[in-house]
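K.L.:
Take the sequences, apply the hints, and build the full model.
Going line by line, the protein sequences match chains U and X. One rule links them: number in the working numbering = place in the first sequence (from 1) + 7. One rule links them: number in the working numbering = place in the second sequence (from 1) + 7.
The hints are simulated quantities; they were obtained by calculation from the structure and are not laboratory data. Please note that the accuracy of each hint is not assured.
No copy labels: a pair is met if it fits in one copy or bridges any two.
To be verified - In silico lysine to any residue, SDA-like type, Cα no more than 25 Å apart, as pairs:
no.	residue 1	residue 2
1	K365	D222
2	K131	S66
3	K64	G116
4	K365	A96
5	K31	P42
6	K155	K213
7	K365	D83
8	K228	A43
9	K365	L226
10	K155	E359
11	K213	A147
12	K365	P90
13	K33	L63
As the structure is a computational prediction, the values presented were derived from the model and not from experiment.
Read off the chains here:
2 protein chains.
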Amino acid sequence: MTNNIGLEEILKGIGPLDGEWIEKAKERTAQLVMPARALGRLHEISERLCGIQKTLKPSINHKAILVMAGDHGVVDEGVSAYPQEVTGAMVQTFLRGGAGINAISRHVGAEVWVVDMGIIPELKSDELDERNRLLIRKLARGTSSLAKGPATTRKAAEEAIITGFQLATDLFRKGVEILGTGDMGIGNTTPSAAIGAVITGTGLDKMVGRGTGVDDEGLEKKKEAIQQGIEINQPNSKDGLDVLSKVGGFEIGGIAGCILAGAYHSRPVVIDGFISTAGALVAHALCPAVTDYIFAGHCSEEPGHRAMLEHLVLEPILDLGMRLGEGTGGALAMTIMEAAVWVFNNVLTFEEAGVADKD
Amino acid sequence: MTNNIGLEEILKGIGPLDGEWIEKAKERTAQLVMPARALGRLHEISERLCGIQKTLKPSINHKAILVMAGDHGVVDEGVSAYPQEVTGAMVQTFLRGGAGINAISRHVGAEVWVVDMGIIPELKSDELDERNRLLIRKLARGTSSLAKGPATTRKAAEEAIITGFQLATDLFRKGVEILGTGDMGIGNTTPSAAIGAVITGTGLDKMVGRGTGVDDEGLEKKKEAIQQGIEINQPNSKDGLDVLSKVGGFEIGGIAGCILAGAYHSRPVVIDGFISTAGALVAHALCPAVTDYIFAGHCSEEPGHRAMLEHLVLEPILDLGMRLGEGTGGALAMTIMEAAVWVFNNVLTFEEAGVADKD
Chain U
8 MTNNIGLEEI
18 LKGIGPLDGE
28 WIEKAKERTA
38 QLVMPARALG
48 RLHEISERLC
58 GIQKTLKPSI
68 NHKAILVMAG
78 DHGVVDEGVS
88 AYPQEVTGAM
98 VQTFLRGGAG
108 INAISRHVGA
118 EVWVVDMGII
128 PELKSDELDE
138 RNRLLIRKLA
148 RGTSSLAKGP
158 ATTRKAAEEA
168 IITGFQLATD
178 LFRKGVEILG
188 TGDMGIGNTT
198 PSAAIGAVIT
208 GTGLDKMVGR
218 GTGVDDEGLE
228 KKKEAIQQGI
238 EINQPNSKDG
248 LDVLSKVGGF
258 EIGGIAGCIL
268 AGAYHSRPVV
278 IDGFISTAGA
288 LVAHALCPAV
298 TDYIFAGHCS
308 EEPGHRAMLE
318 HLVLEPILDL
328 GMRLGEGTGG
338 ALAMTIMEAA
348 VWVFNNVLTF
358 EEAGVADKD
Chain X
8 MTNNIGLEEI
18 LKGIGPLDGE
28 WIEKAKERTA
38 QLVMPARALG
48 RLHEISERLC
58 GIQKTLKPSI
68 NHKAILVMAG
78 DHGVVDEGVS
88 AYPQEVTGAM
98 VQTFLRGGAG
108 INAISRHVGA
118 EVWVVDMGII
128 PELKSDELDE
138 RNRLLIRKLA
148 RGTSSLAKGP
158 ATTRKAAEEA
168 IITGFQLATD
178 LFRKGVEILG
188 TGDMGIGNTT
198 PSAAIGAVIT
208 GTGLDKMVGR
218 GTGVDDEGLE
228 KKKEAIQQGI
238 EINQPNSKDG
248 LDVLSKVGGF
258 EIGGIAGCIL
268 AGAYHSRPVV
278 IDGFISTAGA
288 LVAHALCPAV
298 TDYIFAGHCS
308 EEPGHRAMLE
318 HLVLEPILDL
328 GMRLGEGTGG
338 ALAMTIMEAA
348 VWVFNNVLTF
358 EEAGVADKD
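P.N.:
The structure is reproduced here in structure tokens:
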């Protein structure tokens, strides 16, 4: 049972992917009636899914996205182009089915669950059921400004991770075969860039971008806020929980928890862009083996994203100049991953097709 | 009517895309409840579809792939890793639904039609109907070796184009909203590289790759055959029909015809990889305006593909190291394009969502 599991126990329960099923899957790929590995990355995707699911009949039919929402005290420093009220308004838009993540998820056949991890407004919810997909797990009404001190406590950061872990675990128990992580939080490219800078060691000029679209002045304020936050808080790059609590956010912790859950239960998790990957950096700092279970949905237009993915040694599936967040890039990549599964499961072998192989 | 249309008349009937609908579409994109153009290339895709379909309610629900098959006399020069019999055997695999293109097309919801444009074996068929999707339009039992003289006659090359045009026209009349081009033909990276080298002016070292997987010796033979073919035939790079007849193939001509049909009827056509793009180069040499109606599905692993796409000023949607052909890259890109349409048609505006915009 994982109902009262602690972080230590979660981390102990995660191991690297067993290579044996991947090897078996590669043998099947080699028999498919096409030149050797002619579908490139589609083969890598299907084979890694075989490894994660320990099967030669991979399935990602049952898909879900967990959109983690949180507010950020650092917005007071003038780091965002949008007012903070937009976080709550967008959460309501998700629940109405009217946002980008809803459209893409309907297309790819994924459920969307929205989680209040720590937004300012008090929205109503029910428990995990089919009618009301807002889950209230509010840790606080937004973080404190990371530019002036720790964004939150170590205890709350840990709770955010455990919360994400539990939510993802619940979905896996309901039969979800692949989970996408998403985010909503005005200002959250600021904590994400701070996490990226601290954990990857990349300079702020390369790591900090315009997010939803700040102007030159806003971009300078954003860099200053992050610089100040790192100096004041001195986050320890080797301690994911320390980084998360000092310069992170509740939704980022929730995403890290989802990723740990994927690795713990051996289920694939697709991360989205800049914010989700900041969550992956936290999870990876806690437990490097998590990357075996992560698929990078896309490369964001946000300039620091590439450096984050390189730190994790993850190659993005899509590169379409997207920078919306909400989980959109991960959801979209799921349809490519599903194509990979279709190929793996349904293409005939040379022998079945009666076609002469190269040899 | 287009039942007895000639090439001259087709070319006269093609004009550049009307920019007015694209501008209207951009206005709608600007109202969607997300930061400005935050879904990057998805917006460009949906807006161009609006331009092509002259609507603000684009639809690519009804999808079809035309897989054009042909054999190539140049295989006698030792340019391919597979025996020529594989062309016909793969056509039969398509009809059994067991190849890569079948798996991906089922996933994205596209019909697959297979056309014998000039393969060596005599396979059976019916007319265009739902049960038997092999269409026999055989122009010859394979081309002659381009290394020794013209691959075919100017008349047969023109017939190949008209045939592709008519087949695509039939599908558009049946309600197909987006057409993908595919190919099958052992040896057909050789004529495609020859077309690419002649039309784009790229050197053979950059244009010629390993296709289905020839070894170093095969690669040298391939370059020599192409070099010899260009020297003997002296194709005129400004005359698409001359290039197609001297160093091309029947399936490549059929693909060029599909592309002309898309432009003529103002319907979107998604090209696949190296061979389909050679067809696009021929169509573009005949009528430069065709590129307005073409979407480049992916960038192939075949090294010369990038230079072809640059010549056409087309940016590929996917880049997944694929090099199978059959139409797989174009079919896979259709699901991304459909996501773009979902976003365009279904995301609420700032006003509808009651969310404050940046301004």
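K.L.:
It remains to establish, for every hint, whether it holds in the given structure.
P.N.:
Here is how each hint holds up against the structure:
no.	hint	result
1	K365 to D222	between (57 Å within a copy, 11 Å between copies)
2	K131 to S66	neither (34 Å within a copy, 36 Å between copies)
3	K64 to G116	both (20 Å within a copy, 21 Å between copies)
4	K365 to A96	between (58 Å within a copy, 13 Å between copies)
5	K31 to P42	within (18 Å within a copy, 45 Å between copies)
6	K155 to K213	within (23 Å within a copy, 55 Å between copies)
7	K365 to D83	between (64 Å within a copy, 16 Å between copies)
8	K228 to A43	between (52 Å within a copy, 21 Å between copies)
9	K365 to L226	between (56 Å within a copy, 15 Å between copies)
10	K155 to E359	neither (66 Å within a copy, 37 Å between copies)
11	K213 to A147	neither (31 Å within a copy, 58 Å between copies)
12	K365 to P90	between (61 Å within a copy, 8 Å between copies)
13	K33 to L63	within (10 Å within a copy, 45 Å between copies)
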